[in-house]
Amino acid sequence: MTRNAPYADWLVRFEPTLSPIDLVPEPARLDEAIGWGRASIEPGLPLIKRLLEPAAWEEPYDG
Amino acid sequence: METALCGPSSSTPARSRAARSTGSATCSACATDPFQAGRHRRPIPRPAPGARRRRRDRGPPLARGRRAARPAARRARHARALRRAGAALAALAEPLDELRSRLIDHHGDELSARELDAEAGRKLLVSVAGGGGGAGLVYIGALRAAGARGNRPAYVIGSSIGALVGIFARARPRAVGRVRRARQGARPARALLPRRDPAPPRAARPAVARARAVDRPQLPALRRRPAQDQRPRDSLRGVVAGVRRASFERLPQRFRRQPERSLRERATPDLARSTLRLAPAVARRMWQVAMFFDPRVVKPVALGGDELTRRAGRGRRSGVLGRDPRRPALRDRRVGRALDALLGELLEREELAALVDGGVASNVPVELAWRRVQAGKLGSRNALYVAFDCFHPQWDPRHLWAAADHAGRSSSR
Chain G
248 MTRNAPYADW LVRFEPTLSP IDLVPEPARL DEAIGWGRAS IEPGLPLIKR LLEPAAWEEP
308 YDG
Chain Y
104 METALCGPSS STPARSRAAR STGSATCSAC ATDPFQAGRH RRPIPRPAPG ARRRRRDRGP
164 PLARGRRAAR PAARRARHAR ALRRAGAALA ALAEPLDELR SRLIDHHGDE LSARELDAEA
224 GRKLLVSVAG GGGGAGLVYI GALRAAGARG NRPAYVIGSS IGALVGIFAR ARPRAVGRVR
284 RARQGARPAR ALLPRRDPAP PRAARPAVAR ARAVDRPQLP ALRRRPAQDQ RPRDSLRGVV
344 AGVRRASFER LPQRFRRQPE RSLRERATPD LARSTLRLAP AVARRMWQVA MFFDPRVVKP
404 VALGGDELTR RAGRGRRSGV LGRDPRRPAL RDRRVGRALD ALLGELLERE ELAALVDGGV
464 ASNVPVELAW RRVQAGKLGS RNALYVAFDC FHPQWDPRHL WAAADHAGRS SSR
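Note that the protein sequences, when read in sequence, are chains G and Y.
Per the working numbering, residue 248 is the first one in the first sequence, and the count goes up by one each step.
Per the working numbering, residue 104 is the first one in the second sequence, and the count goes up by one each step.
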């Protein structure tokens, strides 16, 4: 990842996760992992949405 | 003058008092005579009268005041900066408009104004999902949450479990429920079938292009036209690691005789294979994978990015995979033969000797994604790269030993 890191605008780290060996988990564990993934990315989603907006630099800042 | 014992342990009251009063835990006498360290007495210097009180009195109210004043001052400073930036942009509008016109005139035969505006004015989301085995299942939740907020990636590239989750979450969003049912005994064949592409990105506002056209450092790259027909039929790429032929030939023989070894393992009776032979076989295979963690030995190969590898997943009727959605494709002998031929052609073209898990070459292939997008594979080179790494920072290749041990124990139960 060290070599690839400079190319990423945002690196999402997930914690906790299932074990790497738990490839086919029980349905309850799968749901748990999905919840962890959602919780890890949720704080950054407004930033992603903002970064993907077309830059409205024509409109002057009124604040 | 008061003296204190200079002890080696900071838990000694005299030592703690001395260290506090001097502000340092080292003692020059101990340094000069290490055999008597902690056994001699030394003077405790006293601070100037009132100095400590003044510091304590001055600190907290000032800190409180700074903390209270900081957000308002920061907001005001940001507002002033934004007003200045807005005023500067108004002055820049005319020169940038002229520059954009010159750019279009110069590259008119290669790049239309609409293409320039579409590329410079709007960022596309590129999601890069790394490998990690079962740990990577968290990506499902992440991609779902991003999609629910309208942040649907235009390009998903992943290796190992990241590629699989990309297929499920990107191409077949409802496939997770099918996987869950598959875990409970249902058939997962339909979940693996590809789906139709999303709509291309909308054109951006022309004014934005004027700002971005001079801002982007890779401006000369605009000469390469990202034509409509260069856009991928589907924007999902799986990355595998190709073992370079020259490096593979230098590997020990036991690593290169996999077909024979595989046949021998299949011919072993089930009892011996499951209880005695499987654990060392798993450990051996994991160790073999560890040998490939070297860019001189392996290189990342993106599947689905060219005509050859796209054939593997094209459509239900004509593609190699999924001719009949009611039958598991990989059990179909015709599919197996077609895949063998396709992979053989791929190995020949790339001068590779074998294909292994993509995480070996590049666990989170952001660099590969960037290079592909910059080469015009997405139709735009203006993208936001969001990398998913379920291993960071808790993974190290040395953990393969623990994985092999765990797999061995699981198989011997």
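Because the hints were derived from the structure by calculation, they are not lab data.
Positions of the beta carbon are idealized from the N, C-alpha and C atoms, including for glycine.
A few of these clues could be false.
Said to hold, decoys possible - Covered by chain G, according to a simulated footprint, are these stretches of chain Y (three or more residues, beta-carbon under 8 Å): (1) 338–344; (2) 470–478; (3) 486–494.
Unchecked claim - Using C-beta positions, here's what the derived DEER-type ranges look like: (4) G:Leu294 / Y:Ala194: 52 to 58 Å; (5) Y:Asp443 / G:Leu270: 48 to 54 Å; (6) G:Leu298 / Y:Asp443: 39 to 45 Å; (7) Y:Phe396 / G:Pro274: 30 to 36 Å; (8) G:Pro274 / Y:Gly447: 36 to 42 Å; (9) G:Asp256 / Y:Ala184: 20 to 26 Å; (10) Y:Gly447 / G:Leu270: 26 to 32 Å; (11) Y:Gly211 / G:Ser266: 55 to 61 Å; (12) G:Arg297 / Y:Ala194: 40 to 46 Å; (13) G:Pro274 / Y:Asp443: 33 to 39 Å; (14) G:Glu300 / Y:Ala193: 17 to 23 Å.
Claimed, not checked - Going by beta-carbon spacing under 8 Å, a handful of chain Y positions derived as facing chain G: (15) Ser215; (16) Leu228; (17) Val241; (18) Ile243; (19) Gly244; (20) Ala349; (21) Phe351.
We went through each hint and held it up to the structure:
| no. | hint | in the structure |
| --- | --- | --- |
| 1 | 338–344 | violated (count 0) |
| 2 | 470–478 | holds (count 3) |
| 3 | 486–494 | holds (count 8) |
| 4 | G:Leu294 / Y:Ala194: 52 to 58 Å | violated, 29 Å |
| 5 | Y:Asp443 / G:Leu270: 48 to 54 Å | violated, 25 Å |
| 6 | G:Leu298 / Y:Asp443: 39 to 45 Å | holds, 44 Å |
| 7 | Y:Phe396 / G:Pro274: 30 to 36 Å | holds, 33 Å |
| 8 | G:Pro274 / Y:Gly447: 36 to 42 Å | holds, 39 Å |
| 9 | G:Asp256 / Y:Ala184: 20 to 26 Å | holds, 22 Å |
| 10 | Y:Gly447 / G:Leu270: 26 to 32 Å | holds, 28 Å |
| 11 | Y:Gly211 / G:Ser266: 55 to 61 Å | holds, 57 Å |
| 12 | G:Arg297 / Y:Ala194: 40 to 46 Å | violated, 25 Å |
| 13 | G:Pro274 / Y:Asp443: 33 to 39 Å | holds, 35 Å |
| 14 | G:Glu300 / Y:Ala193: 17 to 23 Å | holds, 20 Å |
| 15 | Ser215 | violated, 19 Å |
| 16 | Leu228 | holds, 6 Å |
| 17 | Val241 | holds, 3 Å |
| 18 | Ile243 | holds, 5 Å |
| 19 | Gly244 | holds, 3 Å |
| 20 | Ala349 | violated, 22 Å |
| 21 | Phe351 | violated, 22 Å |
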